[in-house]
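Number of protein chains: 4
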Amino acid sequence: MKNIKIGLIGLGRIGLIHFNNLKYQIPYAEVVMVADPRHKEQFKGVVVGTAEELINHPEIDAVVICSPTNTHADYIDLCAAARKDIFCEKPHDLSLERVITTLETVKKAGVKLMLGFNRRFDANFKKIHELVNLRKIGEPTILKITSRDPGPPPLSYLKSSGGLFMDMSIHDFDMARFIMGKEVEKVYATAAVFTSDEVAEAGDVDTAVINLTFMDGSMAVIDNSRKASYGYDQRLEIFGSNGMAQADNNKHDSHLLVDQEGSHGALPLDFFMDRYEASYRLEMMAFIEALLKGEGLPVDGHDGLEAMLIAIAAKVSVDEKRPVLLKEIRNTIRIKAL
Amino acid sequence: MKNIKIGLIGLGRIGLIHFNNLKYQIPYAEVVMVADPRHKEQFKGVVVGTAEELINHPEIDAVVICSPTNTHADYIDLCAAARKDIFCEKPHDLSLERVITTLETVKKAGVKLMLGFNRRFDANFKKIHELVNLRKIGEPTILKITSRDPGPPPLSYLKSSGGLFMDMSIHDFDMARFIMGKEVEKVYATAAVFTSDEVAEAGDVDTAVINLTFMDGSMAVIDNSRKASYGYDQRLEIFGSNGMAQADNNKHDSHLLVDQEGSHGALPLDFFMDRYEASYRLEMMAFIEALLKGEGLPVDGHDGLEAMLIAIAAKVSVDEKRPVLLKEIRNTIRIKAL
Amino acid sequence: MKNIKIGLIGLGRIGLIHFNNLKYQIPYAEVVMVADPRHKEQFKGVVVGTAEELINHPEIDAVVICSPTNTHADYIDLCAAARKDIFCEKPHDLSLERVITTLETVKKAGVKLMLGFNRRFDANFKKIHELVNLRKIGEPTILKITSRDPGPPPLSYLKSSGGLFMDMSIHDFDMARFIMGKEVEKVYATAAVFTSDEVAEAGDVDTAVINLTFMDGSMAVIDNSRKASYGYDQRLEIFGSNGMAQADNNKHDSHLLVDQEGSHGALPLDFFMDRYEASYRLEMMAFIEALLKGEGLPVDGHDGLEAMLIAIAAKVSVDEKRPVLLKEIRNTIRIKAL
Amino acid sequence: MKNIKIGLIGLGRIGLIHFNNLKYQIPYAEVVMVADPRHKEQFKGVVVGTAEELINHPEIDAVVICSPTNTHADYIDLCAAARKDIFCEKPHDLSLERVITTLETVKKAGVKLMLGFNRRFDANFKKIHELVNLRKIGEPTILKITSRDPGPPPLSYLKSSGGLFMDMSIHDFDMARFIMGKEVEKVYATAAVFTSDEVAEAGDVDTAVINLTFMDGSMAVIDNSRKASYGYDQRLEIFGSNGMAQADNNKHDSHLLVDQEGSHGALPLDFFMDRYEASYRLEMMAFIEALLKGEGLPVDGHDGLEAMLIAIAAKVSVDEKRPVLLKEIRNTIRIKAL
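Residue numbers (our numbering), protein chains in the order written: chain H, -3 to 334; chain C, -3 to 334; chain Y, -3 to 334; chain G, -3 to 334.
Some hints could be false.
The list makes no distinction among identical chains, and a pair is therefore deemed to hold if it is satisfied within one copy or across any two copies.
To be verified - Straight line, CA to CA, 27 Å or less: simulated DSSO-like cross-link-like pairs of lysine-lysine:
1) 223 <-> 132
2) 178 <-> 223
3) -2 <-> 123
4) 323 <-> 36
Rather than coming from a laboratory, the hints here were simulated on the basis of the structure.
Computed from a predicted model, the values in this text were never measured in an experiment.
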């Protein structure tokens, strides 16, 4: 097998994770060039260029986009024009219209686009997905996702994040579709600010409960908080006609101390860098393997779009204090051949 | 201390539990008379009479009402007239108007009325209540209650049950108020029939997700199913500014078998008779003790009314596909001095 | 079915448990007379007599012996003479010779003798026994029993207890035989005093690890402590050719509090009165049922003897710092037709 | 800080783990040369040489020895002569005499020698060690280690392994010393062959229970099996005057499936390559850091010797069916200035 030659744009927190995985952990991947204004000429032995040089580099097969959100859509368009396959970190773009146009562009160009919903590759959630697919719980009827961050991001981040639903819950919306294997019909959300004045200042919320109703009447409930004092909390439970499956949170270790106060166990892993370390690697491996084998991608632009529609519906639901049908959101935009 | 002399009406499933607890397990309680059309003259050494004889028996201090729901309100009125304290199984009555009149009657008569929300006395939920009160999780913001029965009741029961929200979820509505220590402002519910045609035939639902929004913006989510294939499922989780507390389900035993397929543990306890065996005893003890000490009851008529209002709002929410404010329900009825 | 008429000797802690179970919880059992010097004429509506009156009471079918250990053997002999079936609390007697003679007497008289190894009726251990019998773990090769008390008994008790192995570990020796379904060949024990000077003063030990080697080379390890600071600890694990089974300890409740320090769960149940409440009831039910059906007893005098032989071997092992064969102990006594 | 320049001998299973960690994961380490007869000239961009060339390479600071056991001692001697610090995989050597001479040589040469007891760096066991050191359980009195492999190695391996105690249990002997923080006085072991004829053919055992008595009378019990049908099992529990601490096994994921049969969780991780992946990395990091800072090593030659003495005592105990004092083993050898 020949290697997949990669160009990687953006060496921030997530970009570095992907870089290290591509360079040291994934066979058949080779990082040919990186682009990041913070680095010149060389980064860990890899040539540094501009994003445009990188996208148009003749040896590069695929581009991994980890730059700020507001650049994603433009780079996708450039990649499509250069006939490069694309891995793009979420969110795709904060504008639904813009997302639609990139999807059209990508489709016309015949290039592949994978969205960075890495949690699908987490051992726990992958196992639940597998159990559901094997019909171990029968027909799924109630899904419950708990997704809580250890602390709110800084005000600067909040202001450009697109808000809780678009920035944080969007992972859970994708997870809901992934695990249930069904499409969402209706969204109802309640939300509040409980953690910090900065969140209110950014016009955002930090605590939310979101109900999804699927086409067949089955239901999902997602609860989000920007601040779980005890750390990162990522769990889910799915209930069906023949049983239930749960994925518990991951902890630092498995110790249990029992003393006169009771039993005491470890804290959860701190944040996504620890919790999803393996899932980032497996996600990128899946991308590389799909390219190598010429197969379909495990998460694509359509998945990104659907999660985004749910996020928008949740926002409308909170603003208008009512359940919102996904087709209301769809109707507001020109969705062509997707 | 002198004994509390009890008359007990109704020796069905729950009535028998209360009878055995009062007779064999609770000091200072004495069952003087029982009333049940299925028994004549004597039941386990206790005199059998009619409900009216029992309520007006001069030696009886308090009446425990476990007869069919449609008799509750009338017996409460008779007890009030006879100046007897009352323990009444839930639901109080299916008519909100009728519930209100009994509460007024009881208040005027100056007798005590305790509602059978036994789950408040369950070791797990009591502990969570205690942790919340001790501010161990800080300010509570998200409550999640899972409450699933092992199988739907027969059609005959369903038809006169008042529906899922009034019959089953009502325990969870009380639990939500008990644990959060706050009052509900708004209810949104989605529901479906997934388990049996009989449920649909009875005009009822068997699966529901109910969102409660409290006065301060905090939230609760209740998920109910009439049929958990694996048995009775009673759990909750409460999240707050400083932590989280969970109450797990109770199992037959603590075994873990580990073989080539993985690890395997016990099933949950079968149904409420097993799971809440101790809570029924502790509930009745609390009733007897409150009477002995002349203290306030741990669950009273007001608690019954509030849970009922939430149940009605949930029904309206499903019917009208919208969030319903509790005050909408309150406004539909004449609520006087309660 | 006619009732089994019971006489009960000794209304101490354990005697009371058996009394309440026989009187209120077990159908087909009827307590006709009790004997206890602390009570005169009547106890909870039951006639009080002397032990001798009770044993020779013509209506009594079976005698439950809960008096001090040093009276057990004499009462067993009297019961045998009076042709009464016997339930005797452990230990049977501290003298091996005396145990042997009662077993011979009982055998000759053709009466039944059940020993109070109540833990066999605990839901957890019964389940493990069942899993082993169903060959769920294949052939058992390593058994590990943890058995720790919450605190040492008073000096007065220690002095007449027969020592840690005979008083406390004896339950674990019975459990080892029960779960493994094999006989012990060899015992090696190490022990120490770690908890209190009183234990040393009584010439006893409070902490021990006891190795049992079974006839087929399989092994058991028992660890005992008189003082687990966190409460009563009763667990086991059995490993075999096809898997492993564990029974965890029982806790006050199932709560889990998660805060910035980690997760925190409940303490174990305080002591045997709480932990084995149900097993005492089920044990006595099994005794009554075996008598009613004329069937063999689930735990008999032979089981008592075997556990005692192991206890003696453990003591010799500690004293002589060497492994001790059970047949060495057997050879020291005249064991006839048992 | 300047890099530590490493030569690595032996690229088998463990050698590769160390190689990848040193090359890709550990800052300040640089692999300058490797030696392995299976590779010529270059291995993943690193020069290949002979062991002798490598040990005497002027740029190399430290040598990591992962070659077959029977070469360890000779390479250690050569490293000492060349004044290179040493990381040596366990076992050090199968001959106690030879181990002693290398320790003397190393000491005289003033070089550092770290033994590969990687489990000390496992998150679970490290946490238990920390809790014990913080006196969270008071004074430790009973330690229980469970250590079971998923399946016996091939006959060829067994024959040159040194036997169960020297090959497998030796990790547990080190763990016992590490966790208890005390020295062993006496060993008693029972063992058997339960898994395969090959084990017997190799003159080895596959199942063992080993009791350690420490100088202060506290106790440890280790149970080993070469074949746990359910996978790799690595747990421990330590009991002390003020509490207990447990480290549970690590599993593939945290899922729980609950169906009509009960609850079902994941299998443990397959074997040491998965379970101890992080501990190998952290172990090597600790080695590099100690060299960089000129500090003492976390596990040294003395630790290797003590574990070996326990292994030998266990073997003698099984052969002679008696407890064996460690000083008996010490007395059989010339132990000088160690």
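Okay, the hints, checked on the actual structure:
Only between protomers do residue 223 and residue 132 lie at most 27 Å apart by alpha-carbon distance; the minimum there is 16 Å, versus 34 Å within a single protomer. When the C-alpha separation of residue 178 and residue 223 is checked against a cutoff of 27 Å, the pair qualifies only between copies, where the shortest distance is 22 Å, while the shortest distance within a copy is 30 Å. Taking identical chains as interchangeable, the C-alpha atoms of residue -2 and residue 123 are never at most 27 Å apart, the minima being 31 Å within one chain and 44 Å between chains. Taking the closest pair of Cα atoms, residue 323 and residue 36 never come within 27 Å of each other, the shortest separation being 47 Å inside a single copy and 64 Å across copies.
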